[in-house]
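S.K.: Residue numbers (this note's numbering), protein chains in the order written: chain V, 5 to 288; chain P, 5 to 288; chain W, 5 to 288; chain A, 5 to 288; chain L, 5 to 288; chain Z, 5 to 288.
It should be emphasised that the hints constitute simulated quantities derived from the structure, not laboratory data.
There may be inaccurate statements among the hints.
Intra- or inter-copy, both count: the list cannot distinguish identical chains.
[Unchecked claim] Restricting the straight-line Cα-Cα distance to at most 20 Å, the calculated cross-link-like pairs of lysine to any residue (SDA-like) are: (1) K149 x F183; (2) K98 x Q242; (3) K149 x S199; (4) K98 x F54; (5) K149 x A87; (6) K149 x V253; (7) K98 x D143; (8) K98 x S7; (9) K149 x T68; (10) K149 x V244; (11) K149 x E79; (12) K98 x D207; (13) K149 x A91; (14) K98 x H187; (15) K98 x D200.
Residue strings, one per chain:
Protein chains: 6
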Amino acid sequence: MWSNSGSAFIGCDASYEEAAAVLFGAPFDGTTSFRPGARFGPHAIRSDAFGIETYSPYQNRDLTELRLHDVGDLELPFGNADAALSAIEVHTRKLLGDGKTPVLLGGEHLVTLGALRAVHAAHPGLHVVQFDAHADLRDDYLGEKLSHACVMRRAWELLGDGAVHQFGIRSGEQAEFAFAAAHTELHPFAFDGLSDTVRALGDTPVYFTLDLDVLDPSAFPGTGTPEPGGVAFRELLQAVLALGPLNIVAFDLTELSPPYDPTGASTAAACKILRELLLLTIRK
Amino acid sequence: MWSNSGSAFIGCDASYEEAAAVLFGAPFDGTTSFRPGARFGPHAIRSDAFGIETYSPYQNRDLTELRLHDVGDLELPFGNADAALSAIEVHTRKLLGDGKTPVLLGGEHLVTLGALRAVHAAHPGLHVVQFDAHADLRDDYLGEKLSHACVMRRAWELLGDGAVHQFGIRSGEQAEFAFAAAHTELHPFAFDGLSDTVRALGDTPVYFTLDLDVLDPSAFPGTGTPEPGGVAFRELLQAVLALGPLNIVAFDLTELSPPYDPTGASTAAACKILRELLLLTIRK
Amino acid sequence: MWSNSGSAFIGCDASYEEAAAVLFGAPFDGTTSFRPGARFGPHAIRSDAFGIETYSPYQNRDLTELRLHDVGDLELPFGNADAALSAIEVHTRKLLGDGKTPVLLGGEHLVTLGALRAVHAAHPGLHVVQFDAHADLRDDYLGEKLSHACVMRRAWELLGDGAVHQFGIRSGEQAEFAFAAAHTELHPFAFDGLSDTVRALGDTPVYFTLDLDVLDPSAFPGTGTPEPGGVAFRELLQAVLALGPLNIVAFDLTELSPPYDPTGASTAAACKILRELLLLTIRK
Amino acid sequence: MWSNSGSAFIGCDASYEEAAAVLFGAPFDGTTSFRPGARFGPHAIRSDAFGIETYSPYQNRDLTELRLHDVGDLELPFGNADAALSAIEVHTRKLLGDGKTPVLLGGEHLVTLGALRAVHAAHPGLHVVQFDAHADLRDDYLGEKLSHACVMRRAWELLGDGAVHQFGIRSGEQAEFAFAAAHTELHPFAFDGLSDTVRALGDTPVYFTLDLDVLDPSAFPGTGTPEPGGVAFRELLQAVLALGPLNIVAFDLTELSPPYDPTGASTAAACKILRELLLLTIRK
Amino acid sequence: MWSNSGSAFIGCDASYEEAAAVLFGAPFDGTTSFRPGARFGPHAIRSDAFGIETYSPYQNRDLTELRLHDVGDLELPFGNADAALSAIEVHTRKLLGDGKTPVLLGGEHLVTLGALRAVHAAHPGLHVVQFDAHADLRDDYLGEKLSHACVMRRAWELLGDGAVHQFGIRSGEQAEFAFAAAHTELHPFAFDGLSDTVRALGDTPVYFTLDLDVLDPSAFPGTGTPEPGGVAFRELLQAVLALGPLNIVAFDLTELSPPYDPTGASTAAACKILRELLLLTIRK
Amino acid sequence: MWSNSGSAFIGCDASYEEAAAVLFGAPFDGTTSFRPGARFGPHAIRSDAFGIETYSPYQNRDLTELRLHDVGDLELPFGNADAALSAIEVHTRKLLGDGKTPVLLGGEHLVTLGALRAVHAAHPGLHVVQFDAHADLRDDYLGEKLSHACVMRRAWELLGDGAVHQFGIRSGEQAEFAFAAAHTELHPFAFDGLSDTVRALGDTPVYFTLDLDVLDPSAFPGTGTPEPGGVAFRELLQAVLALGPLNIVAFDLTELSPPYDPTGASTAAACKILRELLLLTIRK
């Protein structure tokens, strides 16, 4: 009779104790350089999830078959990227210690770094698979090392050469592409080579980070830095489903900035991809 | 460390058992004749309440001093006004039976009728004080008796002549104003006569219904039927504070339709008035 | 010299008497479960039709060659789905009796049921071809049998097994897909199998119902329940043009909700598809 | 049963022949210097009039008591101010010749000039009463004599010193205020002196032109050049009602630009003021 | 330390004297027939260019390698198309005389005519390559010869049969398509035949005019006349890159109308295509 | 002939050297706790200033009489409040050293602290006059000392008891009002006591900080934390004009967040108040 619609993602009906995976929001957008608002991403995903079903005809599975818990949002300090990342790291470590798969909802892409540190500590030999419009490989941005534009550079510092697999990249400084040529596996523009990567990774533990701006702005205008020329929703969906064989030990969705899309289509895209990712990864 | 911001109104930290007042949403807008969307009112109030404080410098009181519980939204059928009103009535009756002050968040103004039936059953001799742009005194609207445009006519049928006190009314059919002249206490345009009404009502049990479109569209454009010429926010606030001596046994706020105000100013107005009403009435 | 632009769809210059087809609006959205506003669909289509031409380079035909009349909108009660459907049915019956092809502009998808009842009565052996994101095959929705989420289930009750041809379906409960497997011809995700269906139907009388949310939200965000992963506009256009051989005796367009697309792109898509459908079907 | 809501202003049920007053739209905004869109003003007024009543509790009169006709919009050339004004003038002349009170819906304020020429020809000794934020007294604007910023200068050239009464003016070049001091009756900021003007004008024929941006942007943001510091809606309403004794032989409303106010509040303000003006003036 | 972000397009760091190409805006939309606002196009392109990089991974080139100057916007009269075109022509002539490649940012598509006159005078034998949704081949529009709907007809009058190459055209009157069949090279709907055209043109001087509404409204809703069925961004990008071998002596981008796309995606598309066009053409 | 409209505030035609006052933007919103976007404030003020005049009929003065320079925006690091404040302080110091009156355009309210430090160093005995909805007197906010919610507490630490004069305050924690009672001159809700304060301050050097959210959201919805119950634009204008006798040695405007007001009314309000403040203060 009572509905608390909006307080948790659909299908997240398990208690923390019984859950196999735990969703949590990191409503931080403090280093966004163009259009802030990703802080409202987790809230919008929970609110508009009501508009989609728990059942996926793509996978013929239903969220109600999983044991999911949505713990809410972290309270993060405003204007202090360092402290925000520490809080995310501490919490992710706790989840891993409790045997839960962490599912992080950003926030700007920098939040990935906090979770990645914790996951890397728990899973030596970790690789990262990134879907993104931007390379995010700058060493610093206006002098700041902790910036959404540098997050994959920081990831590389953690994981080393060859452990960062980038897909869909269509924007960056010339130097970032040069850096990628030397140190990461960068697949520009779309998902060419994805099946090879999946095959090669085998059972390697993988952190999957999805910067939703890999989608074309036609499908996902509600983001901080819309970059035309991205993939259509169905291409992203196919690419996500192709990740099935991977050993994904944690994942995130970032860069939904709802105030910039009054139609709600961007939030709907985030919700549906989140559903598919949960159905795909939370079974092991 | 965790925030469930958005899942309850600010300051609603008590359990149901210990609460003196219980907030609940009735996200129904099925009879809205112009612009639907009031179903999203309760959700928006909870989401944006984060933007205001729990403390009121007007009353020098703080919501944290009260014992408030927010039970969430009723699940109401779509397109069936009769069933929706019954559910609201049943639930309000339960709250009253448990000794709680019901605080109803609409939804369109018709939802008032469900709560009013329950409160009237518990409080014989009940009066209604209504702040509204519209008289809502039609006998039917396109043949329907259960319509937002008829809600005060239905209230009058319950309570009788002289028990409906209407303030701020600036719109209606000629016949509604004629009906009001014969059967209700209608104060057009603003709050003239409010202090006399408050004094005359003394300890009479009162249901206060606030259709937020009593506010001018400049202050509250996010509503189903914006009617220019209304009161400013400060006028409404003063009028609300003037209700202090009344014996308000239940109240509601209705007709916030957030999709029609992308600025969020309408939701902020609803949040602040709700805070003041809680601080004013939940002490007895 | 005078323009009544907005009072009728472009090219609708015939009188009722001389018209071969009659457009009418059913501005009803009373059972919409997520975002209401489809009531404004017919009005928006008439207003923005000014932005497109009467000539189609796809078919090399012009609306001015047809005899079309636009009779305006039905006045439908708010919050009473049963009465609304009856009014639509009665009117559609009148059009058919006068020898006109009915062209229904929704409103939410439930309005289809009213027209379908009338068309089925006039055309025994009727089949339905549906383009839609959602299966709409629930038996009830929160207890209501008359709901947009149930409209194809009601259609099946009228027409029987094998007479409901569904294309583009990408959302529903697991039970709906199971029901479809047993009772309807469901083609998921896109238009695979459409040419076979067209060929098989031959001269069978067909009611074509287009829930515009079959389009991807990138092309059509202005709708009640945006469902990512749909078809692009050009795919829909090709599929519509492929319907040419069918014996379409009536058709509708539903689920345009203009308030949710401030860009007007959704309305433009509806206008253009309506033009193509008129040029395709109103010649027999 | 059929509604053509949106094709005429509410209460405009008379035929052209029987009408005492005739509304017509001039959807022209070709000289707008800041934000165009006033071309959509007449259409929006007709569409949203559904949201208000035909009855005025302020005047205790109803539009249904009047004989009003709404003839639709003039088809005006784009990008040719001269031709547009001529068309407006020709049509207004026709209305006057047929004994109708012309009621012009803009469009930008320049459209007033077309109507004014015709009314002045029919009513020697005509005065103009203008409510406006801007003086509109420039001799030219970037070299153009026919500009919204010059319309009252052109009016003065027709009518002469002392025949232009300006109220609410709060913006202009220094030279415009100097010109006003010499040639017009300019009342800055609000309506001080209005009752004196009304008294002094007695039976003089008056053209009343209402640039709706005299309203503060809080009440009327949907306009080409929002100018803070204007009057509240209730102040404008009182000022309009104070015009009752005047001999208004024609009037207009201009500068509603609906695309700039997604809330619809600006259109609602225009609709309500139009209703009051019709009730006030169409009785003689 | 100081940023004048927004006052010039990214990478435009050269002085006028040293520049090989000069960008200038023509903020004119006086003949727009549906939704005005293209006047704000150049300003939006400069403001939001901050969101993209100067480096193109598609061409592996960087704007900082070029010598570009952005001279700002022309001050054009409002409501006088003739005078506006003259000003554009005069200025373009000046640029050509100074040895600069003119890069014109509209504004509505009519502005092309001003630049084209100047470029044609400097380059006898000039051809035009047009990407557009609309044929723009009317002889007049509501009596006006200078209209966005006539601009390619005027171009044809200048350049003659066979010198106007139209791609992507999907809208027009029947007569325009007939005219095209006789006088222009019209490639409907998409870019079929583009490589043949590029090859055939060889070293012929070419003016490239890009009406951005060739893009589908899903990718570019912020325009005056959205026409569904257009190309995706990546298709446009490929087509633009295919122009590489052409001898482009001037080019323009037109019909971005930012007020109609609150997401900013349309402006981002314009910025990115402009970057690619500069990188592609400004090397010779 | 060329317009660089948008690259500087209107009337800012002086060179840096000859200027008496210098405007500069601090596009920082890194500690905004509710709705970010104030970073776009300075840009919007420059862009939309075109819509207002340089002449004030309130003061009968014109910006063209002053010597004003607009130096653009500071490039500030994202997500590092400390570094941003230092940059603002350094630059303000430079302006003061060059004998210019600093005019700071925020940005969130925290930016005031950077300028204040520099102005205080140059003007011992400095007082601050603040117009604001919020007290901004917290000692920390979620552990951060450098927060928009703490800026006046930091100011008090610099200036001491009795040197902070707060007007219009209508929101804060209970503890902030208690702190104010002990340490600042807080005038709640409106401008009561302003003339006394002006008189008492005499020739004392004053830093005037205007958080534009002192305006009611009806007049200024485009802000980070809309707080209903504020002053109308005309009240703010009168209060600003009442500051004339003060010795204002620097001032700022903060908290315009343009993305939250699609109507542009908030930006127009900021532009007009800035014009009046410049005309009022830059003469000494």
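S.K.: If a hint holds in the structure, say so; if it doesn't, say that too.
M.R.: Here is how each hint holds up against the structure:
Proximity of K149 and F183 under a CA criterion of 20 Å is satisfied intra-copy only: 16 Å inside one chain copy versus 38 Å between copies. Taking the shortest Cα distances, K98 and Q242 never come within 20 Å of each other, neither inside one copy (32 Å) nor across copies (48 Å). In this assembly of identical chains, the alpha carbons of K149 and S199 never lie at most 20 Å apart, being 33 Å within a copy and 46 Å across copies at closest. Proximity of K98 to F54 under the C-alpha cut-off of 20 Å is found in neither arrangement, the shortest distances being 29 Å within a copy and 27 Å between copies.
Taking the closest pair of Cα atoms, K149 and A87 come within 20 Å of each other both inside a single copy (14 Å) and across two copies (13 Å). Taking the shortest Cα distances, K149 and V253 never come within 20 Å of each other, neither inside one copy (26 Å) nor across copies (37 Å). Proximity of K98 to D143 under the C-alpha cut-off of 20 Å is found in neither arrangement, the shortest distances being 29 Å within a copy and 31 Å between copies. In the homo-oligomer, the alpha carbons of K98 and S7 lie at most 20 Å apart only across protomers (17 Å), although the nearest pairing inside one protomer, at 30 Å, exceeds that limit.
Proximity of K149 and T68 under a CA criterion of 20 Å is satisfied in neither setting, with 41 Å inside one chain copy and 24 Å between copies. Taking the shortest Cα distances, K149 and V244 never come within 20 Å of each other, neither inside one copy (30 Å) nor across copies (36 Å). Proximity of K149 to E79 under the C-alpha cut-off of 20 Å is restricted to the inter-copy arrangement: shortest distance 16 Å between copies versus 22 Å within a copy. Taking the shortest alpha-carbon separations for K98 and D207, neither the intra-copy value of 24 Å nor the inter-copy value of 56 Å comes in at or below 20 Å.
In this homomeric assembly, K149 and A91 come within 20 Å of each other (Cα to Cα) both inside a single copy, at 18 Å, and across copies, at 18 Å. In this assembly of identical chains, the alpha carbons of K98 and H187 never lie at most 20 Å apart, being 31 Å within a copy and 44 Å across copies at closest. For a Cα distance limit of 20 Å, the shortest separation of K98 from D200 qualifies neither inside one copy, at 33 Å, nor across copies, at 56 Å.
The earlier numbered hints that this structure contradicts are 2, 3, 4, 6, 7, 9, 10, 12, 14 and 15.
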